[in-house]
Amino acid sequence: MMLSILLLIPFLGALLFLLLPSQLAPTRMRSIAIVVLVLQLLWSIRLLFAFDLELPGMQLQESFSWVERLGLRYELGIDGLSLPLVLLNAALTLVAAVCTRELSERPRLYFALILLISFAVNGAFVANNLLFFLIFYELELIPLWLLILIWGGTQRVYAATKFLLFTAISGVLILAAFLGLAFINGSVDFSLSPLVTERIGMGSQLILLGCLLVGFGIKIPLVPFHSWLPDAHTQASTPVSVLLAGVLLKLGTYGLLRFGLGMFPDAWAVLAPAMAIWAAISVLYGSLAAIAQRDMKRMVAFSSVGHMGYVLLAAAAATPVALMGAVFQMVSHGLISALLFLLVGVVYRKTGTRDLEVLRGLLNPELGLPFTGTLMILGVMASAGLPGMAGFISEFLVFRGSIQIYPLATLLSMVGSGLTAVYFLLLINRAFFGRLAITPVEDPEIQKRLDVQLAPVAPRETIPALALAIAVIALGLIPAGLGGISDAATGAMAQLFSGAG
Amino acid sequence: MPIIPSELVSFAEVPSALDLKAKLLANQTLLAESETHVIEVVDVLKSYGEVLDAYSKNLIYQAESQFLVPFPLFKYLNGDKSLAKIWRHLCHDRINFEYAEYCMKAMLWHGTGGMDAYFDSDAFIENIAAIIEVKRRDPLLGLLHPLFPQFLPELIRTAATTHALGQFWRVMSDLFIDLADAEADKRVCSISDVVDFMKAGLVAAAGNPISYGVVIDNKHFWVLPPEAGLTFLADVAVPYVEAVFLRGTPFLGTVSFNAQAQQISPDQAQFCYGALYADPLPTMGAGIPPSLLMQDMYRHLPKRLDLLYQNRTRGEGDVRVKICRSFQKSMFCVTNAAIAGTFPHGLAGTTADQLAADEAYAHAWAQRLSQGRTDCLAV
Amino acid sequence: MQPDLPLSIQYVWLIPLYGFSGMFLSLPWAAGWFKRQGPRPAAYLNLIMTLLGVIHGSLVLQQILQIGAQHLQFDWFGVGDMNLQIGFELSLTNLAALEFVTAMSLLGQVFALGYLDKEWSLARFYALVGFFEGAMAGVVLSSNLFFSFFLLEMLTLSTYLLVGFWYAQPLVVTAARDAFLTKRVGDVLLLMGMVALSAWAGSLEFNDLYEWSATATASGALSPLAGSLIGLGLIAGPMGKCAQFPMHLWLDEAMEGPNPASILRNSAVVTCGALVLLKVMPLLRFSPLAVNVLLVVGTISAIGGALVAIAQVDLKRAFSYGTSSYLGLVFIAIALQQPAVALLLLFAHGLAKALIFMGVGSVICTTNCQDLTELGGLGARMPATTSAFLVAGAGLTGLFPLGCFWCFGLLVQALLPSHPFLAAVVLSTNLLTAFNLVRVYRQVFLDTPHPKTRRAPEVGWLMALPMVSLSVMVLLLPLVFQRLNPVPGLAAINTSSVALVVASGALGVMAGSLVRLDRFWSRSVLKPLRAVQDLLAYDFYTDKLYRATIVRLVAGFADLTNRFDQEVVTGLANRLGGLSMQGAQGLKLAVSGQMQTYVLTAVLAIVLLLASLVWSMG
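Protein chains in written order, with our numbering: chain D, 76 to 576; chain Z, 2 to 380; chain Y, 12 to 629.
These are computed hints drawn from the structure, not numbers from a lab. Be a bit skeptical, because a hint or two may be false.
As the list claims (entries may be wrong) - Straight-line distance between alpha carbons at most 27 Å, and here's what the computed DSSO-like set of lysine-lysine pairs gives: (1) Z:K76 - Y:K46; (2) Z:K22 - D:K523; (3) Z:K24 - Z:K86; (4) Z:K82 - Y:K555; (5) Y:K46 - Z:K304; (6) Z:K58 - Y:K46; (7) Y:K46 - Z:K86; (8) D:K425 - Y:K46; (9) Z:K82 - Z:K187; (10) D:K523 - Z:K24.
All chains, please: the whole structure from these sequences, using the hints.
Rendered as structure tokens:
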């Protein structure tokens, strides 16, 4: 029942919000949401203790018949691949709730939707049945769409619609793949096992896997299906961006690993070389596009495109080290991009802009945002893969695991890692170094006499970011913790693949 | 994309040199009259007075008791070597005397005025020859002096500047604290009262003699003897204003020292890094030496000014930048008083020549000041 | 780990941690938690931690002298066939380097207390220096490539932050960026090499790698091409760290940073980089190409750096290019399998260069100026600084029997029979360096006082004391050399090598004393000569070259990608979704309406869709 309780906590929380009187103060609602999310986090940690690190397969399984005719079973289970992501989801949803501030519009709906997302994401990670997964996968879409649509920026309608369209297509493709599987098999067995695909011919397998690849590729997102992400990020509010980058993108890579690699190991081996190149293109494309951005949030969004490409590279290589790298990269990208979005959010809230042509000198100790700036330096360095922080060990594992199989793609991805340093250094140097200013450089004489008054950053505004920063360093210095959780599962998955390929 | 809320950025008008000159000639204050200005100027000068008191005492102590001491470990303790004081010193719970030394070095380095000229005179060389003769008994100095003949004279000049600055700040400290008392007694109620008060104080002290002697082995030696005829205003105050208010030294935190970049003028007279020119925005940042002074004044901030600051902008968060801004205003007042006190004919000339001389004087000052941070004067 | 080892060795892992803990101890002050107190306690705490590091290092060194070299390693993280470890190789070389690094750090920090006495961000500076020192101490002791890389990258980061210390100064902004990116290029290439080695060789312990490389090419486990590429990757990291051509630009710009950091950077950091190269060197037997590249790079850096140094008008830059130049010689020595000479040269250069930078710092502190043309006549006034400069100059050139003299002698003797050209490179570097030192000395210390040097008292004891102590160390260095066991006897240098070294040094000194300084700086009327002057003064226009090539390339690609993204990818997406976009306009109305009903409809629609699809299947 442990996993059901994990799902019940946010679900009941969301229901609770619908029952709350709407005139309740937003801050009170925020506190309630935080309590629910703390409960969820504690329960997720509780799962960690119930989890047996030695076992490779699904644990804490629950299975009930639901709509047997459709092959839809209430099947839950968790393994070393999903557990870190469940923990990440719990942590980042809490962060998103904590960093929600100045919410004036429909707080009740807002927090209900946040909880609903957390519920759906948890469900997708622990679902042990294809259709059941898909229900959760689709379920997460609506609340996020609404979160962008209602609480977004000026272009929110465009961004939200684009998001909805892309992810709906993604869902349809995945559904098509699953249904196709059932159709070819002639049975409605939607259980999660490579046995299901064993008797299918290679041609059909390739088509099904191709559908999955594009479907999840939209979500990850991979170039050229990424177009929705920068727009969604720039229009979404900070907490939504944190959720989107930190958790929701991981659904794509998780799905790819779980259903692509996990169920079609033979076809995977055929498509893997192309995937590796695709990953390298995605990495380089995201990095290069990020260099040209002047909106800080778009820059971080494009960096996400690049950094999620590493996961695809690792998945393509599918060696034990690479798959461990994939898990690490998912977790560390979740933490780091959440951290960066939080900090960009602080800058935006205080200065009213994210334009790199305009912001300068924010490190100013008395009038600027020095603590935010310090954390930002830490965040971008982590993202650029500086050792001692989570990004480095993740990238190292990915590269180390992939280089023997796909040397060229790996080397190109490493170039992408070098480019990360370029654009993030530009961000730091432009926005945080120099004399404090939030105006375009026009007349240097006027510029040096301009007085700038920014609202101070209260310590509580940076606490979530500080917590994430500590997590990033902890993961970078003591990777063995996360490694222990995932070792058995990634090892088994790699074995499955090498047995097939 | 940028939509910058207008309340976040402000730009104050910069008065032209002509405006400044007109104000100087009309005997108006450069700083606009307002109630908050009076509070800012008087209170910031009060805390400055308290800080200067500490600086002055320490500089005089250093010049007299730490004269040519090779390892002046306790030079900031004013002779009090109690454990409690040393502990507080180690915790850096103290006045930043480094800033006083910084001003002294700037004054020595820019080398203007009568004292600097006296440093190169034969009389000075003779005076210190006697001191060096005694000091050479120390074996190390005995070895170094013949090899580096300018080493000891240069250190003695430093000590002399240190002492002279100590004497100057003694007077200024008393003046600023008197000003605060006068304001408390309602004798001073406006900015023009403040300027007049300071002008009177400066004029009264103008002729004070500056002298400096050291005691070595119970024998007294003159470094700056009274017969050198050095006086307060012409030989210390004016060079001080020149070196610290106007010229200053480039801050490592804002100016590149790279010779190829040529950001620093080879001519010291062209320097514009002084207190009247410095940008208050980066205060407390890296490489901004006046931060030390702002910190010291922050520790001595009067209640009334503190309350005023608490209600403005970031409150406690950017208090030291606000101190810097107020300090700049008050320094314009001091400069204003000094100019008013040194008009060739005190603006009371009758002949055309006298009027022209005063006008030329005002013109020269207005030209120089107009390059400064005069945008602080209006608001 | 053997339990019978002395405690100081068992706890050797603490040594890098002293520096890092200094950083953590400084944080409260650096973050400004003490509003009324100043930042100095952070400096004192860092000094104490560094002192602990020095003492611990000396203890270990003494133990090692008695019981011989030791190897310690701790598991860090393992997955599958990969096992990453933290390893310490406690050899005499590494510990000598450790002593050097920690001692430099200690002296540099005392010096900084004087140099930065009016710096309010002192705590941040010391925190960064602590970080810097911790990383350096780890690099020199490290026994495996992974751990070395880990710490080298930390060095890159701390260099960035130290150069960027005065972040509000416009030139610092670009300098910090370039320092980071240049080193990062080297690091990424090193990472490529390391990842490849890790995958093919399994272990990253240097000793295992040496064994593996001995057989790798012979057994066909490594193709010659892969070997060459890995070799190039491995040398790229040290090249960046040691400011070797073509990655030398950052050191010039890094001179915008605080001088105490420059002291460390020009002595200790480059030494760390070269030590990593020394450790990597035995691996390069599978990559003759990399060895040749080392030789070429070393030669260009040695001669080019020395030439460019001569044309500098900036006091700091006149010597920072010398660093590239000397490290070029170290690279040559390493490439030609002369590790002992390379080490001696590293230490001799490091000590003397640190000393010269202390002298430079005290000149800047006193005169607020680092333009050579505006300096002069300081010799009679500043005894500690002048003697420091003279001692350091003597230690750097091969003319007086101090550190570099013996190194040059050994190097020339070793190179003369087989590589006369490289011996000539060494001698010309010596000549040019001597020339440069003499001309700077004449300009700064002799000459008549200029306006900015008219009033120039000697610096306070906090700066003078480290300077004098280091002068003594430079003077005593030959005695230390003599006591070092593995070095071929210094007396064994043949007279012809000595004569060549002395002759080149003397020639440089003579030329430096004769050149007319007043004319030297004015641009020549002869067009070709003027072009050469400018070429050298602007470092062969390397920055312009970079801007025209690699920067432009990356910026161009970035721009292209961005335009492609906006016009093709986004445009296509928009057109495909055009119909739905129109629908979006309709949605806008819906948003303002009944949200709850809308959600319900949407959820219902999806469930219905699912159900109907599944139904049709079933």
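Status of the hints after comparison with the structure:
{"no.": "1", "hint": "Z:K76 - Y:K46", "verdict": "holds, 24 Å"}
{"no.": "2", "hint": "Z:K22 - D:K523", "verdict": "holds, 24 Å"}
{"no.": "3", "hint": "Z:K24 - Z:K86", "verdict": "violated, 49 Å"}
{"no.": "4", "hint": "Z:K82 - Y:K555", "verdict": "violated, 58 Å"}
{"no.": "5", "hint": "Y:K46 - Z:K304", "verdict": "holds, 17 Å"}
{"no.": "6", "hint": "Z:K58 - Y:K46", "verdict": "holds, 25 Å"}
{"no.": "7", "hint": "Y:K46 - Z:K86", "verdict": "holds, 19 Å"}
{"no.": "8", "hint": "D:K425 - Y:K46", "verdict": "holds, 23 Å"}
{"no.": "9", "hint": "Z:K82 - Z:K187", "verdict": "violated, 42 Å"}
{"no.": "10", "hint": "D:K523 - Z:K24", "verdict": "holds, 25 Å"}
Of the numbered hints given earlier, the model fails hints 3, 4, 9; all others are met.
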